[in-house]
Amino acid sequence: MTSSSASSRKNLSKIACNRLQKELVEWQVNPPTGFNHKVSDNLQRWVIEVTGAPGTLYTNETYQLQVDFPENYPMEAPQVIFLNPAPMHPHIYSNGHICLDILYDSWSPAMTVSSICISILSMLSSSTVKQRPEDNDRYVRNCRNGRSPKETRWWFHDDKV
Amino acid sequence: MGSVEEEEVLGEVEAMEAVYGIDFHLLSSFPLLFHLNLFPRTADDSSQQFVEAIIEIRATPKYPKEPPCVDIVDCKGMDEKRRKHLLHHIQTKAHELCPGFMLVALCEEAVEKLSAMNHPDGDCPLCLLPLVPTNQQSETLPFMKLMSCFHCFHSECIIRWWNYLQKSKETDSAKSENYKKVEEGIGNCPVCRKPFHVKDLEHVLDLVGSHSSQVSLDSDKATDEEELLQSEHEIIRRQKFEVIFNLQKENSGLIEPKKDLVILPGMYLPQPAATPSSTSTQESDEQQEKDIPTVISEKHAGETSNPPSSSRHKNFGARRQRPRSDNHSSSTVRNPRKPVQQQWVRRDNNPNSKQ
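Protein sequences, first through last, are from chains A and B.
Per full-length UniProt numbering, the very first residue in the first sequence carries number 1; after that it's consecutive.
Per full-length UniProt numbering, the very first residue in the second sequence carries number 1; after that it's consecutive.
Chain A extracted, bound-state conformation (with noise of 0.2 Å):
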């Protein structure tokens, strides 16, 4: 176990826990459109179910995301990867991790899981190949130990898909 799923364990703070409790029933009431939560007791890790929206390379095809939450959440950004298996994409790595700016640098507190799961929908629906990064092996190899994507220093490839 390293250091950062170490310390993803910590409780969440009490703004943390009310604003995740808003959040909940907000997606309750109006969950995005192609996104699954089957609501646990566990308010610092979601599953959620996403499938691939109509029209798009992923269609009818359902994956799983991970979303786990820090303390000091939404200060800092939910740690999300795909569950295995991941879908073929080109920003996302075998390992579920995922190459998306605003799960890192571009984290804003504004951002909501609604609106995380909306950007990584749009991100699958863009796609045009259904293929790996290119350094995904190299990648995976690196994170063996468990890393989390969040102590990744991501460049962005680019931002039409």
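These are calculated hints, taken from the structure and not from any lab test.
Every residue, glycine too, gets a C-beta built ideally from N, C-alpha and C.
A few chain B positions that, by computed beta-carbon distances, are all more than 12 Å from chain A:
| # | residue |
| --- | --- |
| 1 | 20 |
| 2 | 23 |
| 3 | 73 |
Here are the simulated DSSO-like cross-link-like pairs (lysine-lysine), alpha carbons at most 27 Å apart as the crow flies:
| # | chain 1 | residue 1 | chain 2 | residue 2 |
| --- | --- | --- | --- | --- |
| 4 | B | 167 | B | 240 |
| 5 | B | 169 | B | 194 |
| 6 | A | 150 | B | 167 |
| 7 | B | 65 | B | 113 |
| 8 | A | 38 | A | 22 |
| 9 | A | 10 | B | 167 |
| 10 | A | 22 | B | 76 |
| 11 | A | 14 | B | 169 |
| 12 | B | 194 | A | 22 |
| 13 | A | 38 | A | 14 |
| 14 | A | 22 | B | 81 |
| 15 | A | 10 | A | 22 |
| 16 | B | 169 | A | 10 |
| 17 | B | 199 | B | 240 |
| 18 | A | 14 | B | 167 |
| 19 | B | 194 | A | 150 |
| 20 | A | 150 | A | 14 |
| 21 | B | 169 | A | 150 |
Stretch by stretch, here's where chain A covers chain B in the computed footprint (C-beta under 8 Å, at least three residues):
| # | stretch |
| --- | --- |
| 22 | 123-130 |
| 23 | 157-164 |
| 24 | 188-201 |
Dock chain B against the given chain A, drawing on the hints supplied.
Showing chain B alone in chain A's frame:
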């Protein structure tokens, strides 16, 4: 369009120029196309302005037999829903006024509608609680807007975020864009990323942790209060009060008001031990005479020595309270929709207003 009608339209353009001056931008005379910057009627006090918009009006060749096309080119402080609401209202009005030359009347209608919408709306983007609670029971927290984009936040929420960024910058060797910006004294709006200057936040910086409303929402309120009493900011607050209290005692209950007016829920001054009495000495009478003008001059015009209960309502409403130039580029604001609740007391409480 006949030449008579063309002339009429030219007359309308002249009228528009006369009414709106530099806010009116004529893009084309034939066919008529213009942009108009819309401000709510209260906009001369920028702390009371929460919305603005630029509308585009294009007269079709059949105008005035047919209503002109209206669109909102740009707006601040309005989400998609409110923007649509405003546009729909103007378009409906255009149809109502048709047929006829309507440009000034239509634009005045738009200003009227925008003025009615001139209040912050929705939730704080950071904590997701309403900026202005509809529920009378819940407390209105102080909030502020960024002048570059009119996005509003609870003061405490945005400062907490700002401090977090700065702390991250210290611990983390500036790897992300955000941190670099902090160093340059530039921030980005959490909602739209529009840059703002740190100065925009300075006037609310000391608000963080100054009230417990954020943390006391949970059921285990007792422990929260316990923690709060032990917390650093509470100790600092008590020390500040101690200083004021001592000053009050020295001055026979009179204190100099602080220059910056910050109103906080739950803030109150302890009752002075020695209130000025009828038996006050010659010295303290002089003190009083000396102090009162100061008090008056530092309050806003028209607020002179009113007790806080009556001056509370003064800041909303249509008239300006202070000139634009003396404003910060952003401002702390109170709920413009309903009166502030009883526990709101001016920090710079005028001692004369106390019994």
